[in-house]
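Using the sequences plus the hints, can you model the full thing?
Quick note, the sequences are listed as chains A and B, same order. Mapping to this note's numbering: the first sequence position 52 is 52, numbers consecutive. Mapping to this note's numbering: the second sequence position 126 is 126, numbers consecutive.
None of these hints come from the bench; they were simulated from the model. Where hints are given, some of them may not hold.
Claimed, not checked - Covered stretches of chain B (chain A as the covering partner; in silico rule of three or more C-beta atoms under 8 angstroms from a C-beta of chain A):
{"no.": "1", "stretch": "3-9"}
{"no.": "2", "stretch": "50-60"}
{"no.": "3", "stretch": "153-159"}
Idealized CB from N, CA, C, for every residue including glycine.
Number of protein chains: 2
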Amino acid sequence: MKDFLELAAARQSCRNFADRPVEHDKLVKCVEAARLAPSACNSQPWSFVVVEDPLVVPEVAKTSQVLGINEYVSGARAFIVLLEEHAVLMPRLRAFLDSQYFAKGDLGGALLSLCLEAESLGLGTCILGLYDREKLSALLNIPLETRFAGLVAVGYPADPKTREKTRKPLESLIRFV
Amino acid sequence: MKDFLELAAARQSCRNFADRPVEHDKLVKCVEAARLAPSACNSQPWSFVVVEDPLVVPEVAKTSQVLGINEYVSGARAFIVLLEEHAVLMPRLRAFLDSQYFAKGDLGGALLSLCLEAESLGLGTCILGLYDREKLSALLNIPLETRFAGLVAVGYPADPKTREKTRKPLESLIRFV
Chain A
1 MKDFLELAAA
11 RQSCRNFADR
21 PVEHDKLVKC
31 VEAARLAPSA
41 CNSQPWSFVV
51 VEDPLVVPEV
61 AKTSQVLGIN
71 EYVSGARAFI
81 VLLEEHAVLM
91 PRLRAFLDSQ
101 YFAKGDLGGA
111 LLSLCLEAES
121 LGLGTCILGL
131 YDREKLSALL
141 NIPLETRFAG
151 LVAVGYPADP
161 KTREKTRKPL
171 ESLIRFV
Chain B
1 MKDFLELAAA
11 RQSCRNFADR
21 PVEHDKLVKC
31 VEAARLAPSA
41 CNSQPWSFVV
51 VEDPLVVPEV
61 AKTSQVLGIN
71 EYVSGARAFI
81 VLLEEHAVLM
91 PRLRAFLDSQ
101 YFAKGDLGGA
111 LLSLCLEAES
121 LGLGTCILGL
131 YDREKLSALL
141 NIPLETRFAG
151 LVAVGYPADP
161 KTREKTRKPL
171 ESLIRFV
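So, in structure tokens, the structure goes:
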């Protein structure tokens, strides 16, 4: 495998998926990487729905085609839904903090871990932030009160070339003390 | 470098730091890995303060020794503070979503990327969730209204052995459709 910085630089949003199915075992490995992510008090406030049924995948794609964005996800061959679960924090913290105080950040880490494992397996991913939660809940039998933490489109990239990353310059973001 | 799943499994909270300084360039690489993390609309809602001054590092450690936890961080040789910055989302989303709607999750990804790069460089990290924000702001000249997204203790691990990870079983977290 590449050096970690190379892997981080290579991972990019895939918006053009190849017409090639994704192996079940690779999807499981992506979730395994997310499962290993750190979380506050090891609370692991997550669960996952892996969508690979070829009849359901296009329906999930449709739920994310809102506001005229995400049209390209119709090419995705699988989706992984990341759900927020209840976090149990250590007793000393429970008196001061809401149980979900750290959950959003922890889920963000799990989501990135999932996408980095996908990249290392040659898969493309796109993290979708907007989707019709009501329709997605109904489609996947997810209780309406469950919070979504992310929807990831997965497939082999049609063009695996790494685009140049657009990022703010390092020196504008960092200060030394 | 290791396979990504191996790297994810090897990264663990370091609570016993060696008496060995951390190279400046390695700290910069950790921030570089965070800078490359994905974010909603590429908003990059983050900035970083790297603390390596041997007179200031112990003072930062003290700010996190609250509620009788985090005593061990007195051994850390550096800290990296992750700050939440304003996120600019694409115009179509601005009408519906608060600018910081995705920021917490994005910052969680940046934080994990930082820790994974540290691991790949042989460094130990511990993500600290609790610290005296007022004292930390004053110590590092951070405006009080700036939101902290994480404080990471950094150093070489005194014992680099990987402990067995305690995680909920994969089959209890995953569902296939």
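Do the hints match the structure? See the list:
no., hint, result
1, 3-9, "holds (count 6)"
2, 50-60, "holds (count 5)"
3, 153-159, "violated (count 0)"
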